[in-house]
Amino acid sequence: MGDSQYSFSLTTFSPSGKLVQIEHALTAVGSGQTSLGIKAANGVVIATEKKLPSILVDETSVQKIQTLTPNIGVVYSGMGPDFRVLVRKSRKQAQQYYRLYKETIPVTQLVRETAAVMQEFTQSGGVRPFGVSLLIAGYDDNGPQLYQVDPSGSYFSWKASAMGKNVSNAKTFLEKRYTEDMELDDAIHTTILTLKEGYLVFLICCFCLIPLFQSNLIEF
Amino acid sequence: MSLDSDRDRNAKRRWLPRAEPKGWTSLDLLAEQEAHLRPHKPKSLCGLSFLDSAFHSRHRTRRVQESRLQPRLLREPAAPAMSIFEYNGSAVVAMVGKNCFAIASDRRLGVQLQTIATDFKRVFKIHDKLYIGLSGLATDAQTLYQRLVFRHKLYQLREERDMKPQTFASLVSALLYEKRFGPYFCQPVIAGLGEDNEPFICTMDCIGAKELAKDFVVSGTASESLYGACESMYKPNMEPDELFETISQALLSSVDRDCLSGWGGYVLLVTPTEVQERVLKSRMD
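Here the protein sequences come in this chain order: B and A.
With the UniProt record's numbering, letter number 13 in the first sequence gets 13, and the count goes up by one each step, no holes.
With the UniProt record's numbering, letter number 171 in the second sequence gets 171, and the count goes up by one each step, no holes.
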């Protein structure tokens, strides 16, 4: 395996043209808790499983879904601490945009800037990539939007997507159940079903964005 | 001796800069010109810039006194003390009509009292429905316009849409405030059609204090006359033709009262479907 010689340096390509550290980061994401998102016709919902290591943990202190602006939310799969750092940076960028233009940042712009931060950490010396993939859900003048951002810094717009453990099952399930003109309630229902598909689920956090730029966080 | 001190006091009153924040004088290009005209007074450095203080030396005193004996030969050609905003002369006005707006400016470019050009452009296009007029120092107006076009073009590429007038006004305000302690010496007038073709106008001072208005905004050396003319001639909800007449009359009558602006007028009338540009013939003085 010629690749293994290159697996310790982030900023060196391996002979097969891969940055092995990013592959490892994706593996870290793949072993994180499942999260998924669905874009409906009139809103977008993102959800994740909130599995706590013990019943003694105060569940209100663990926040797996966060808002970046009143109309943009984000969920992750992977390392929690990396997620917190990205949320902090993204919130700051959203506020800088507002300060300059006195206008709330469009979802695409915030996704672009978050992805740029993640890419920075794949090209600088002495740092490692973020061990999270983000699902950013937002509602702006262009309607509901759902984006996935990977540790490499690439981002994709999805109609429905899943990340983390059990992702292939979840994606197959979503492919079957997704329709273009889904209403938000149907989308929430489908999300919960998809999460339950995998295995025994203890706690689900659900976050949905609807028109009028309102967002609701539901935990059950 | 008493005559000397009288003259000193009068001279000082005439040449002190008028109501400018202290931070600017180090960039004031007239400071150098004025410095050697100012009578030497040791230790009165408050209100004078670092450059000025460099001129206050013992040698200076003698030269200043000599120059008073032969005023015409050694002094600069007759130049009353002018604010930096009055160096080039300008007049810009924008008015709101019914689903349309008009923005107009004079066409004179001068260097203090001498007219250099009579076709100077002060109103610039940002995009089809957004225009900005920049009064004040001509070089700053041109540079600021270049910077704004740069920012807007990048915005267009990134966000794949044109900037709304309100957003653009916030951007201009932020850019001007960035240079709070060494500002661009211009006052912008921003006019555009926003969502649903709702006209939007605003003006700001040279460090970015926005002033929104529903009827008209003015700026430039002729601003005081412009305020009076617009106030009396303006009516709400004017049709494009009437708006054009009104803004032209207001501009021409105001610049006639101001020696530093005039030499023709340029009026731009923007409706949701078309843009009309017209050049006005006026008194060429």
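The set of hints was computed from the structure by calculation and includes no laboratory data.
There may be inaccurate statements among the hints.
To be verified - Below, in silico cross-link-like pairs of lysine to aspartate or glutamate (DMTMM-like), each with a Cα-Cα straight-line distance of 20 Å or less:
| no. | chain 1 | residue 1 | chain 2 | residue 2 |
| --- | --- | --- | --- | --- |
| 1 | B | K102 | A | E159 |
| 2 | A | K164 | B | E103 |
| 3 | B | K102 | A | E224 |
| 4 | B | K102 | A | E160 |
| 5 | A | K164 | B | D58 |
| 6 | B | K102 | A | E198 |
| 7 | A | K164 | B | E197 |
| 8 | A | K179 | A | E198 |
| 9 | A | K210 | B | D140 |
| 10 | B | K102 | B | D141 |
| 11 | A | K153 | B | E113 |
The structure displayed is predicted, hence computed values, not measured ones.
To see whether the hints hold, each was checked on the structure:
1. B/K102 <-> A/E159: holds (15 Å)
2. A/K164 <-> B/E103: holds (10 Å)
3. B/K102 <-> A/E224: violated (31 Å)
4. B/K102 <-> A/E160: holds (18 Å)
5. A/K164 <-> B/D58: violated (46 Å)
6. B/K102 <-> A/E198: Given that 20 Å is the threshold and the Cα spacing comes to 18 Å, the pair holds.
7. A/K164 <-> B/E197: Roughly 46 Å separates the two Cα atoms, so the pair is violated.
8. A/K179 <-> A/E198: Outside the cut-off at roughly 31 Å; violated.
9. A/K210 <-> B/D140: Roughly 27 Å between the alpha carbons, so the hint for A/K210 and B/D140 is violated.
10. B/K102 <-> B/D141: Distance of about 15 Å is within 20 Å: holds.
11. A/K153 <-> B/E113: holds (18 Å)
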